[in-house]
Structure formats: structure tokens, C-alpha cells
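A.B. asks: What follows is each chain in one-letter form.
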Amino acid sequence: EPEVTQTPSHQVTQMGQEVILRCVPISNHLYFYWYRQILGQKVEFLVSFYNNEISEKSEIFDDQFSVERPDGSNFTLKIRSTKLEDSAMYFCASSEALGQETQYFGPGTRLLVL
Amino acid sequence: KNEVEQSPQNLTAQEGEFITINCSYSVGISALHWLQQHPGGGIVSLFMLSSGKKKHGRLIATINIQEKHSSLHITASHPRDSAVYICAKGTGNQFYFGTGTSLTVIP
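Protein sequences, first through last, are from chains A and B. All the letters of the first sequence, read from the start, carry residue numbers 1 to 114 under this note's numbering. All the letters of the second sequence, read from the start, carry residue numbers 1 to 107 under this note's numbering.
Looking at chain A on its own, in the form it has when it is part of the complex (with noise of 0.2 Å):
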């Protein structure tokens, strides 16, 4: 069954480095999104993604995160200048033509700033 993969699996880094997260979608998928759920809170939505460009995103998601869809597979989060709040577990999803479709969830990168 196609599935969603991320890598790395886990992801320690120094604050104020930068960071690329990377998610591979199912490959007939057109809707990508970005997710993170800080230790013990509830997941909180950063951005979609469809047709190349942004097609959401929330507060949280400002200059100092980007995505890109550098190839035809490959969905990447870039998170500029870490900082310590940055730690959390971060699913990249993917869904079918609409965006308000079943998501499909990738198994998380979990990140931890130090």
C-alpha cells in the first residue's frame, strides 16, 4: 500500500542552525501539508501545498520556515535559524485532488533543538 515517508526519523541540531525535513508524498497526490506537534500539546497545522505554491498557511508558519517541492517526489520543510520552541514532531501529509480530502500521514521527524 503507497504510503507517505519522512526522513530523517530523528533530528537533533544546534539552535540557530538550519534544518531541511524531508517527505517523499504518495506519488498520485496533489495536496501536501505540514504539521507539528510539540511534546504533549496537540498537532498544529503550519501550511499546505498545491500546484507549487503555498496554499495555506497558519500563524505559526512565518519567515522563518519554507517549503518546496524540489523534484517530483520530494516535499521539503526548511526551517531557518532553529530555536529551542522549533522542538517538536513535524508530519508531512498528503492528500488526493481536493484538499478536504482523507490525508494520509507520513510517520513523523522528530526534531530536537538544543
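Derived by calculation from the structure, the hints in this document are not laboratory data. Mixed in with the good hints, there may be bad ones.
To be verified - Reference listing, derived: stretches of chain A covered by chain B, where coverage requires no fewer than 3 residues with Cβ under 8 Å from a Cβ of chain B:
(1) 1-13
(2) 51-64
Stated by the list, open to error - Facing chain B, a subset of chain A residues (Cβ under 8 Å, in silico):
(3) VAL43
(4) GLU44
(5) PHE45
(6) ARG69
(7) SER73
(8) MET89
(9) PHE91
No residue lacks a Cβ here, since even glycine has one placed at the ideal position from N, Cα and C.
Dock chain B against the given chain A, drawing on the hints supplied.
C.D. replies: Relative to the frame of chain A, chain B by itself:
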């Protein structure tokens, strides 16, 4: 404000019990999602609803658009159902999540 409230926060049930988890939201939606988060952190989408009722195996999800309320029911609960169940509402391409209901089913 795009609030999503879930109740209860925590729920412990005996195997075989019928379980209901509730979700209320404050403003209109495009769709309402029910998700399951396993103890290891992985998230699985259970249902996406915009009206009525959906059933998948022992899981049933209902939504009342007028009352801005949705419920997730689990029949004949089993210890493997133990997980956090999350309600999320979609508005356009934005999503707002509840804090989740932590379910433990005891054998």
C-alpha cells in the same frame, strides 16, 4: 475563533464496552476529520465527514452540522483501540485540531 473542543480528555474502558468521543467546533467547516494517534506517535486518518454518518468496521463517525458537533463511536472496544483520538476541522485548506482524547481499553 476556530476552536475545536473534545471530550472527554481521558477515557478508560473495559474491553467490549461501547465508547463515544465527542467533538464540538465553534465556526463552520468544510470537513471534519477523525484521526488516531498511536502510542509511538504515528497518525492515521479514520474518517473525513462533511455530513451524516460513516462506518468503518467497529468505528462509526457522525456529524451534526447545525449543532457543530461530531461523535466517534467504537463498538466492542478492544485493547488495540488504545490510542489518542483527535478531531480536526478543515476550513478551506486550513486545519484546526482538538487536544485529543486518550483512550485506554483494559482487557
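A.B. asks: Against this structure, judge whether each hint is valid.
C.D. replies: Quick rundown of the hints versus the structure:
no.: 1; hint: 1-13; in the structure: violated (count 0)
no.: 2; hint: 51-64; in the structure: holds (count 3)
no.: 3; hint: VAL43; in the structure: holds (4 Å)
no.: 4; hint: GLU44; in the structure: holds (7 Å)
no.: 5; hint: PHE45; in the structure: holds (4 Å)
no.: 6; hint: ARG69; in the structure: violated (16 Å)
no.: 7; hint: SER73; in the structure: violated (21 Å)
no.: 8; hint: MET89; in the structure: holds (6 Å)
no.: 9; hint: PHE91; in the structure: holds (6 Å)
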